[in-house]
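These are the residues of each chain, in order.
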Amino acid sequence: MAESILSLDSKDKKNMPLEYTTEEGDLRIVGFWIFLAAELVLFGTLFASYLVMQSHTAGGPTARDLFKINPVMAETIILLVSSFTCGLGTLELRRHNTKGLIAWLVVTVILGFAFIGLEANEFYSYAVHEGAPISRSAFLSGFFILLGTHGAHVSLGIVWVTSIIIQLAQRGITAVTARKAFMVGLYWHFLDVVWIFIFTAVYLTGLVI
Amino acid sequence: MQNITNFLSHFFVTGDPMIYGADASIALASIGIVVVLTYFKKWKWLWDEWLTSVDHKRIGIMYIIAALLMLFRGGVDALMMRTQLALPNMHFLNAEHYNQVFTTHGTIMIIFVAMPFIFGLMNIAVPLQIGARDVAFPFLNALSFWLFFFGAMLFNLSFVIGGSPDAGWSSYAPFAGAELNPGVGQNYYLIGVQISGIGSLATGINFLVTILKMRAPGMTLFKMPMFTWSILITSVIVIFAFPAFTVALALMTIDRLFGAHFFTIAAGGSPMLWANLFWFWGHPEVYIVLLPVFGIFSEVIATFAHKTLFGYVVMVWSMIAISFLSFITWLHHFFTMGNTAPVNAFFSISTMLIAIPTGVKIFNWLFTLNRGRIEFTTPMLWALAFIPNFTIGGVTGVMLAMAPADYQYHNSYFLVAHFHSTLIAGTVFGIFCGLHYWWPKMFGYLLNEKLGKWSFWVFMISFNICFMPMYFLGLMGMTRRMYTYPAGLGWGPINFIITIGAFGMGLGFIIMALNIVWSAIHGKKDTTGDPWDGRTLEWSTASPAPEYNFAHIPTVSTRDAFEAMKEEKREGRTKPQLPFKPIHMPNNSGIPFIMGGFMFVAGFGFVFEWFWMGIPGLLGVVACMIARSFVYNDHHHIPADEIERIERAAGRLS
Amino acid sequence: MMKTFKMKGLAALVPLLVLLTGCSDKIAVLNPQGPVAREQYHLIVWSLIMMSLVLAIVLIIFIYVLVRFGRKNNKGYDPNNTGNRKLEIIWLIVPVVICILLAVPTVRTLYALNDPPKATAKAPASLHSNAMTIDVTSVDWKWLFRYPGQNIETVNYVVIPAGIPVNFRLHAYDAMNAFWVPELGGQQYTMTDMSMHLWLQADKPGTYAGRSSNYSGQGFADMTFNVLAKSASDFDSWVSDVKKNQPALTMNKYMQLLKPDNVKPMTFSSYPKELEKNLNKAQMEGKQTGKSTDNSMPGMNMSGNNGKGGYNP
Numbered sequence: 001m002a003e004s005i006l007s008l009d010s011k012d013k014k015n016m017p018l019e020y021t022t023e024e025g026d027l028r029i030v031g032f033w034i035f036l037a038a039e040l041v042l043f044g045t046l047f048a049s050y051l052v053m054q055s056h057t058a059g060g061p062t063a064r065d066l067f068k069i070n071p072v073m074a075e076t077i078i079l080l081v082s083s084f085t086c087g088l089g090t091l092e093l094r095r096h097n098t099k100g101l102i103a104w105l106v107v108t109v110i111l112g113f114a115f116i117g118l119e120a121n122e123f124y125s126y127a128v129h130e131g132a133p134i135s136r137s138a139f140l141s142g143f144f145i146l147l148g149t150h151g152a153h154v155s156l157g158i159v160w161v162t163s164i165i166i167q168l169a170q171r172g173i174t175a176v177t178a179r180k181a182f183m184v185g186l187y188w189h190f191l192d193v194v195w196i197f198i199f200t201a202v203y204l205t206g207l208v209i
Numbered sequence: 001m002q003n004i005t006n007f008l009s010h011f012f013v014t015g016d017p018m019i020y021g022a023d024a025s026i027a028l029a030s031i032g033i034v035v036v037l038t039y040f041k042k043w044k045w046l047w048d049e050w051l052t053s054v055d056h057k058r059i060g061i062m063y064i065i066a067a068l069l070m071l072f073r074g075g076v077d078a079l080m081m082r083t084q085l086a087l088p089n090m091h092f093l094n095a096e097h098y099n100q101v102f103t104t105h106g107t108i109m110i111i112f113v114a115m116p117f118i119f120g121l122m123n124i125a126v127p128l129q130i131g132a133r134d135v136a137f138p139f140l141n142a143l144s145f146w147l148f149f150f151g152a153m154l155f156n157l158s159f160v161i162g163g164s165p166d167a168g169w170s171s172y173a174p175f176a177g178a179e180l181n182p183g184v185g186q187n188y189y190l191i192g193v194q195i196s197g198i199g200s201l202a203t204g205i206n207f208l209v210t211i212l213k214m215r216a217p218g219m220t221l222f223k224m225p226m227f228t229w230s231i232l233i234t235s236v237i238v239i240f241a242f243p244a245f246t247v248a249l250a251l252m253t254i255d256r257l258f259g260a261h262f263f264t265i266a267a268g269g270s271p272m273l274w275a276n277l278f279w280f281w282g283h284p285e286v287y288i289v290l291l292p293v294f295g296i297f298s299e300v301i302a303t304f305a306h307k308t309l310f311g312y313v314v315m316v317w318s319m320i321a322i323s324f325l326s327f328i329t330w331l332h333h334f335f336t337m338g339n340t341a342p343v344n345a346f347f348s349i350s351t352m353l354i355a356i357p358t359g360v361k362i363f364n365w366l367f368t369l370n371r372g373r374i375e376f377t378t379p380m381l382w383a384l385a386f387i388p389n390f391t392i393g394g395v396t397g398v399m400l401a402m403a404p405a406d407y408q409y410h411n412s413y414f415l416v417a418h419f420h421s422t423l424i425a426g427t428v429f430g431i432f433c434g435l436h437y438w439w440p441k442m443f444g445y446l447l448n449e450k451l452g453k454w455s456f457w458v459f460m461i462s463f464n465i466c467f468m469p470m471y472f473l474g475l476m477g478m479t480r481r482m483y484t485y486p487a488g489l490g491w492g493p494i495n496f497i498i499t500i501g502a503f504g505m506g507l508g509f510i511i512m513a514l515n516i517v518w519s520a521i522h523g524k525k526d527t528t529g530d531p532w533d534g535r536t537l538e539w540s541t542a543s544p545a546p547e548y549n550f551a552h553i554p555t556v557s558t559r560d561a562f563e564a565m566k567e568e569k570r571e572g573r574t575k576p577q578l579p580f581k582p583i584h585m586p587n588n589s590g591i592p593f594i595m596g597g598f599m600f601v602a603g604f605g606f607v608f609e610w611f612w613m614g615i616p617g618l619l620g621v622v623a624c625m626i627a628r629s630f631v632y633n634d635h636h637h638i639p640a641d642e643i644e645r646i647e648r649a650a651g652r653l654s
Numbered sequence: 001m002m003k004t005f006k007m008k009g010l011a012a013l014v015p016l017l018v019l020l021t022g023c024s025d026k027i028a029v030l031n032p033q034g035p036v037a038r039e040q041y042h043l044i045v046w047s048l049i050m051m052s053l054v055l056a057i058v059l060i061i062f063i064y065v066l067v068r069f070g071r072k073n074n075k076g077y078d079p080n081n082t083g084n085r086k087l088e089i090i091w092l093i094v095p096v097v098i099c100i101l102l103a104v105p106t107v108r109t110l111y112a113l114n115d116p117p118k119a120t121a122k123a124p125a126s127l128h129s130n131a132m133t134i135d136v137t138s139v140d141w142k143w144l145f146r147y148p149g150q151n152i153e154t155v156n157y158v159v160i161p162a163g164i165p166v167n168f169r170l171h172a173y174d175a176m177n178a179f180w181v182p183e184l185g186g187q188q189y190t191m192t193d194m195s196m197h198l199w200l201q202a203d204k205p206g207t208y209a210g211r212s213s214n215y216s217g218q219g220f221a222d223m224t225f226n227v228l229a230k231s232a233s234d235f236d237s238w239v240s241d242v243k244k245n246q247p248a249l250t251m252n253k254y255m256q257l258l259k260p261d262n263v264k265p266m267t268f269s270s271y272p273k274e275l276e277k278n279l280n281k282a283q284m285e286g287k288q289t290g291k292s293t294d295n296s297m298p299g300m301n302m303s304g305n306n307g308k309g310g311y312n313p
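Residue numbers (the UniProt record's numbering), protein chains in the order written: chain A, 1 to 209; chain B, 1 to 654; chain C, 1 to 313.
The reader is advised that the hints may include incorrect statements.
Short, incomplete list of chain B residues facing chain A, as computed with Cβ under 10 Å [stated by the list, open to error]: (1) 13; (2) 95; (3) 140; (4) 212; (5) 213; (6) 214; (7) 239; (8) 241; (9) 246; (10) 248; (11) 268; (12) 272; (13) 280; (14) 635.
Derived from the structure by calculation, the hints contain no laboratory data. Note that the coordinates shown come from a computational prediction; the quantities given were computed from them, not determined experimentally. Each residue gets a CB set at the ideal place from its N, CA and C atoms; glycine is no exception.
Same shape as in the complex, but just chain A:
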């Protein structure tokens, strides 16, 4: 048994989930949580900027003029369900069921694509049909960038999940792939939480106020 580059750690690893069994996996998961904290600050800043800008419509369309509840509800439900399927994937991971894990991750990716498609369609209709592109007003700048950042995260998440599906297919569930699948799950749930804030702070308040 080789000494790890890490400090000696005599914790009993036997009863831990697979992704925590190596010290490296343990470190990476802690690091990833911290990364998510930084992401939280990033989105917090974007939310703050959006809320400052919300009323700065410069005579252009307001939130009320633009937002329609149906597509937004569809996006919300799809993303929430994708978070659920991703969670089911983690459950399969715990049961060491490679096929089940892959299947749920594939469903998650498909739902992710559906979400991105709907969002892209929403953006397109605002920018082209409603005469409300990013350059129209500070409010729209804030809107497109807050949601666009979230959308870009989801898109990157799709690429990431896909690469992990391939790795799972190649290698099955090992300590390393388990850690990767677990981390991408955390990321996906995080984006779901951000969306809930977007739904509340952007769409609901936008439709009400």
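Got chain A; can you put chains B and C on it based on the hints?
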């Protein structure tokens, strides 16, 4: 043809002999480096040993080399400004050039000197201080470095291609927006700083995990060396402050490139939002470059007073208090932006509060010296000079914190003097201190003490000649960022003295550079690994430390762990030599360098709004990430007999 | 030993204090010529005294420790001297007390500066009241002063009656600048997205130098103006002289002034009513091109006539 010449004359900065000079020297230096590397057949060595290295010690050295080069450039900028201001109505630089020079001076000194220098020192010292074999994420560490490096290169490229930014390092909107500031200069600032900022955030995460999870057995949080504590707290600040800056820079980039209206005058944009976002990062940033040097001074003062740090626990809590307060003081950078009296009162008081933990730390250092056996080595001189000089910066900071008085100091040379008093007497003295202190650990030989002391005295005295008069200049009404001033206001003689001081600091830096060259040839070898009679674990291994740092991970029972080990040895209690086991180490990787290169290409494309170049660059970055995800074979073992061989060669086996 | 150092330290402080609280009229901030600057001056001097005290204490301990323990083989070496609860509490409490001693006058001054200073002279007849209002607009790289009560406009200099509080309403046409007349009082920013107020008053007639203190680009260093404080009668005759002898500011001329450059001081006997809207660059250009893209910035645009800026009496 006409089109091409036209394009080229805009692409390359033309019309200034100084810039042609810079062009020529950059070209000559590049050719020189290529020739030397080729002649000595060192390309492979450079790639294998350095560019692809994930070893924290090598990355630290690369950070420091880059930071020293940037310090040279930022220093030349400073001297150009001081030459222009030496006399009233000078015509050494015109307004346009002066504006670019002070912008690049500020940006480079903060983002590309102070931060990377500190990152370099912490890369070298922290894993060794906590008895670890590397950082938590060695690959990410290399990536952080290359992002910083290519971000810095992109920023510096503006000098010869396209034109430098000229909106000040704080780049206030709306002046920094596309309408009032067209051209690519400001894009260079936004994108260059952005790229290196992503690297900084990754470093913050990396070191937080390293310190939290990888300490040697027995080293509880309150047994860590003070420098490690300072880096732990700094990492937390980095993690919470940098995302805000990332957003601010991105929003302004989007304003400039895609016509959004975050900070514009038109369509409801809010220039005040920029000031808020910038300083929400900018104020914690001050502590990102100050807390680590507090840590360095703590180490150095304890070492050369030959005493444990006085009031260790209070020292730690003071830093935690400072880090918390640093997030609720940002508004003091714009008391004059029309805030209501209660708001200004709150931020006045929160700013003053920072003086309390800082004052506590000053007294703790003084009382560490008290009843000590003070040894005046070069690193100690820097640490000692810090105390009075930084106190001057600190007390003027309290004066600036008083909002109604700040109405009279704001943006004047009083402010300039204040922040140079803190950033030079704090950060610069600190990084020079750390450089001399850890130099033997980095290279295995000591810097020359005599030259070191000369550079210290010249630099420190010149610093005071340069910045003390600035306080008066500010009270006389001279504001920062003026490229010239009329005669007859009484400002001329003071400015002349300041310029003399500035050149004196340049001389001090040259002596230090000489010292580095001289010592590289004649420097005293450090054969023991413990040249200063150190107290912390980095001195318990060889100088320079082997790739795996420690043949055996040390076990810690007290603060100043190495001092305790030496004590045990003196008392004759030696532990039996354990057999060596193979050590598991991360493989080198070329991906960080290549990914940084793609970032550079992408950044350059976006600077010129050439999306055909920017987008493929970004795709290259994503491709690198995917490629890395598929690398499974990323570790190797150092066999036991090789460890034994290395240890024997370093004279560490009896 | 300790005592002699203390004495020396205090002795060294005396000339420093004399210099700082000083007499030189070149040091504008320490040479207040009006009630606002004087309030700030008092605060500055008070903080200087407190801070000199702090610095002195640190220096005394520093020098004492170095002299005493910097010798080789000094007798007092004690590696176990690593903490002292009593001392640590003292140097926690003393800075707290100092902070309180500084915070109280800070907050008091902050609120006091919200109110106009008390007039010390009789108001000129052309003022029609006991206070004067002047609209200040920073334009790259010049200062425009509009006198709504007198219907006068001046460029790069401003005339005020001495001894009368003047309410400067600060606007920016393009870049952010700061309006600073150090001898009369501290600065405030001029901004496009929020207009602000600054009360200033000159004790006696005289000329006081002012400048922009927030960097705004190429012509920034020359963005200076003089404040001419005049007695009541001089002020009245200046107003009537301007009315008689100076040209009117036309919209055309005004548009020329809005171009970025440095200009000489100018005087106009009247200005177009349009100017009272304090349009910024985007609003003005929107008007010129005929599409009004931007008039509403709810919650931010406080440039209305009775001004509800944040820094507001």
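Hints, verified against the model:
Annotation: residue 13(B) was flagged as interfacial toward chain A, and the flag is violated, the nearest CB pair being 30 Å apart, outside 10 Å. Residue-level restraint check for residue 95(B) is violated (minimum Cβ-Cβ distance to chain A is 31 Å; threshold 10 Å). Below 10 Å, beta-carbon pairs count as interface contacts, and residue 140(B) has one with chain A at about 8 Å; its hint therefore holds. Here the hint on residue 212(B) is kept, as its CB sits about 7 Å from the closest CB of chain A, short of 10 Å.
Nearest Cβ of chain A to the Cβ of residue 213(B): about 6 Å, under the 10 Å cut. The hint holds. Evaluation of the residue 214(B) hint against chain A yields a held restraint, the C-beta minimum of about 5 Å falling below 10 Å. Annotation: interface hint on residue 239(B) holds; nearest CB of chain A at approximately 5 Å, less than 10 Å. Checking residue 241(B) against chain A by beta carbon gives a least distance of about 8 Å; that is within 10 Å, so the hint holds.
Given hint, residue 246(B) at the interface with chain A, holds; its Cβ is 6 Å from that chain's nearest Cβ, closer than 10 Å. For residue 248(B), the interface hint holds, the least distance from its beta-carbon to any beta-carbon of chain A being 8 Å, beneath 10 Å. For the restraint placing residue 268(B) at the interface with chain A, the shortest Cβ-Cβ distance is roughly 3 Å, inside the 10 Å limit, so the hint holds. Nearest Cβ of chain A to the Cβ of residue 272(B): about 9 Å, under the 10 Å cut. The hint holds.
Look at residue 280(B): its Cβ gets to within about 8 Å of chain A, closer than 10 Å, so that hint holds up. Of the supplied interface hints, the one on residue 635(B) holds, with its beta-carbon coming within about 8 Å of a beta-carbon of chain A, less than 10 Å.
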